[in-house]
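For reference, the chains in residue letters:
Number of protein chains: 2
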Amino acid sequence: MRIGIVAPSCRLEEAVAGQLPALARAAYGADAPEFVIHPQCFLTEGHFAGPDAARADAFVELANDPAIDAIWFARGGYGACRVVDLALPRLASAAGDKAYLGYSDAGFMLAGLYAAGIGRVAHGPMPSDMKRAGGEAAVLRGLAWLMGQGAAEDGPKKAAFNLTVLSQLLGTALQPDLTDHVLMIEEVGEYMYRIDRSLFHLTSNPQIRKISGLMLGRCSDVPENDPDFVLNEEEVTRHWCAHSGIAYLGRADIGHDAENQVVPFG
Amino acid sequence: MRIGIVAPSCRLEEAVAGQLPALARAAYGADAPEFVIHPQCFLTEGHFAGPDAARADAFVELANDPAIDAIWFARGGYGACRVVDLALPRLASAAGDKAYLGYSDAGFMLAGLYAAGIGRVAHGPMPSDMKRAGGEAAVLRGLAWLMGQGAAEDGPKKAAFNLTVLSQLLGTALQPDLTDHVLMIEEVGEYMYRIDRSLFHLTSNPQIRKISGLMLGRCSDVPENDPDFVLNEEEVTRHWCAHSGIAYLGRADIGHDAENQVVPFG
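For the protein sequence lines, the chains are Y and B, in the order given. The opening position of the first sequence corresponds to residue 1 in the working numbering, with each subsequent residue numbered one higher. The opening position of the second sequence corresponds to residue 1001 in the working numbering, with each subsequent residue numbered one higher.
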């Protein structure tokens, strides 16, 4: 098993990359995967892990390599939306045989891949989650899905996104067809008025209204609203579901934290 | 001339409302308009100027009143997206004879009205701009357009929006057809990475790509990006215009400030 790691958004810390092989060996022994950590992960250009072209090239190189079984996005931050258009049209058939795992800003990649029907895609922990308290368990959770070759799950079709990331790709070619999917959303670091506004946006999209229902993950590090927004994240989600006729299906076990679960798409 | 004032977003300060008639009398003497300031403007419910239903009802009441010539949105903030769906389907023919003026969060109202072909719509100063340094000139600039019955301008078709507000209505029924329009955008209080992300979103929308060109208004109060984003607002706008094939037409004289110009739509 060879897992390629690229960073379409922000730079990966060397310490995180260094811990990954030992963690995998401790868990899998001789069956531990080989990690192919592309040097692009450690580039810096302003906000990003290198120039747009370098991030796109690294992703295309590993995705098109038939000797690599899966692509793990190193971390989030911001920048994948600058890469996805440059990369997806260059993917070859070997890219379709892979599993792809990430969340947060990597959702732009997941959305584009899923919209184009390329590979097996999941929302879930990334190498950078190692830095969280309890983060090793999160990283191992993600790794387990990759070691299982990106298996699908039984039950209804599913997809999961950071709310802002999904909002920011609605009405573009990256918006996947989520008809009859259970859609899970999570958020971090956004004011409640922004969560409310993104939910307006999401639930007002005619294609999104075809989902079978919405589940709300954790909304963490919500800055204090001035004045008090009064409504919490579940109340605003219920509001917009009721307004739009989307079924509210309760809470989802995803978020920007160590408990973040793997959600295979489809 | 009777101008109706409603607050679909946040609450209007009484002091601002109190200054408006004197300002208009000083400018127009006996020809000064009568301001019909709906009591809803002074309601409070959490973040908003009263409950969603009260904000929608106030707008519908004044928009449908044939004795009122124009609707001036009192101020921005957040909340118009909760009102527009409740209000627009209830508008009668009298609403089509009016001018509508506002900007920032009121852009949700402008978008919905323009998308539905109701009335004469413009981006421009609101009563709450009175609080800015030099704000009386801004308020009088908006008032002058309203006093002129919401006249159109010669030249190419135009529209203007806050970037985040326009981003947050893409792919919904509120998105107006801006084919062959010069589209002006402005922003306030957003990190450069968010401006970049919203520009990705805007310029990746197939309908938006039909505009005749994009003009960049002022981006004010941009918080410091960590790390330095390197690129400024004009550089990221040029980037996304080049990437999307949209013509970049230079700077627009709009923004969250006292210089904010009136931009009649169409």
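Worth double-checking, as some hints may not be accurate.
As the list claims (entries may be wrong) - Computed from the model, here is a short list of chain B residues facing chain Y with C-beta under 7 Å:
| hint | residue |
| --- | --- |
| 1 | Phe1035 |
| 2 | Cys1081 |
| 3 | Leu1170 |
| 4 | Ser1244 |
| 5 | Tyr1248 |
Stated by the list, open to error - Some but not every residue of chain B turned toward chain Y, in silico, with C-beta under 7 Å:
| hint | residue |
| --- | --- |
| 6 | Leu1043 |
| 7 | Gly1046 |
| 8 | Gly1171 |
| 9 | Thr1172 |
| 10 | His1201 |
| 11 | Asn1205 |
| 12 | Asn1232 |
Unchecked claim - Beta-carbon label-pair distances, calculated as ranges:
| hint | chain 1 | residue 1 | chain 2 | residue 2 | range |
| --- | --- | --- | --- | --- | --- |
| 13 | B | Ala1092 | Y | Gly266 | 41 to 51 Å |
| 14 | Y | Gly117 | B | Asp1180 | 48 to 58 Å |
| 15 | Y | Pro223 | B | Ala1092 | 38 to 48 Å |
No lab work stands behind these hints: they were computed from the structure. Heads up, the beta-carbon is just placed ideally off N, CA and C, and yes, glycines get one too.
| Under the criterion of a CB-CB separation shorter than 7 Å, is B:Asn1205 in contact with chain Y as hinted? | For B:Asn1205, the interface hint holds, since the closest Cβ of chain Y sits about 5 Å away, which is under 7 Å.
| Close enough to count: is the Cβ of B:Leu1043 nearer than 7 Å to one in chain Y? | 13 Å, violated
| query | Would the hint on B:Gly1046 stand, with a C-beta cut-off of 7 Å toward chain Y? | reply | 4 Å, holds
| said: Holds or violated: the hint that B:His1201 contacts chain Y, with Cβ atoms closer than 7 Å. | reply: It holds, given that the least Cβ distance between B:His1201 and chain Y is near 5 Å, below 7 Å.
| Quick one, is the B:Asn1232 hint okay against chain Y at 7 Å, beta carbons? | Since chain Y brings no Cβ nearer than about 11 Å to B:Asn1232, farther than 7 Å, the hint is violated.
| field | chain Y contact restraint for B:Ser1244 - C-beta distance below 7 Å | value | 9 Å, violated
| Assessment of proposed distance window 38 to 48 Å (beta carbons of Y:Pro223, B:Ala1092) | For Y:Pro223 and B:Ala1092 the Cβ distance comes to about 41 Å; the hint holds.
| request: So, B:Thr1172 near chain Y? Judge it on the closest CB pair being under 7 Å. | output: At about 4 Å, which falls below the 7 Å cut-off, the nearest Cβ of chain Y leaves the hint on B:Thr1172 intact, so it holds.
| message | Quick check: does the Cβ-Cβ distance between B:Ala1092 and Y:Gly266 fall within 41 to 51 Å? | response | With a Cβ separation near 47 Å, B:Ala1092 and Y:Gly266 satisfy 41 to 51 Å, so the hint holds.
| Interface hint outcome for B:Gly1171 [beta carbon to chain Y under 7 Å] | 3 Å, holds
| Taking the beta carbons of Y:Gly117 and B:Asp1180, is their distance inside 48 to 58 Å? | For Y:Gly117 and B:Asp1180 the Cβ distance comes to about 34 Å; the hint is violated.
| message | For the restraint on B:Phe1035, tell me whether the closest CB of chain Y is nearer than 7 Å. | response | 26 Å, violated
Comparing the model with each earlier hint shows violations of hints 1, 4, 5, 6, 12, 14; every other hint is respected.
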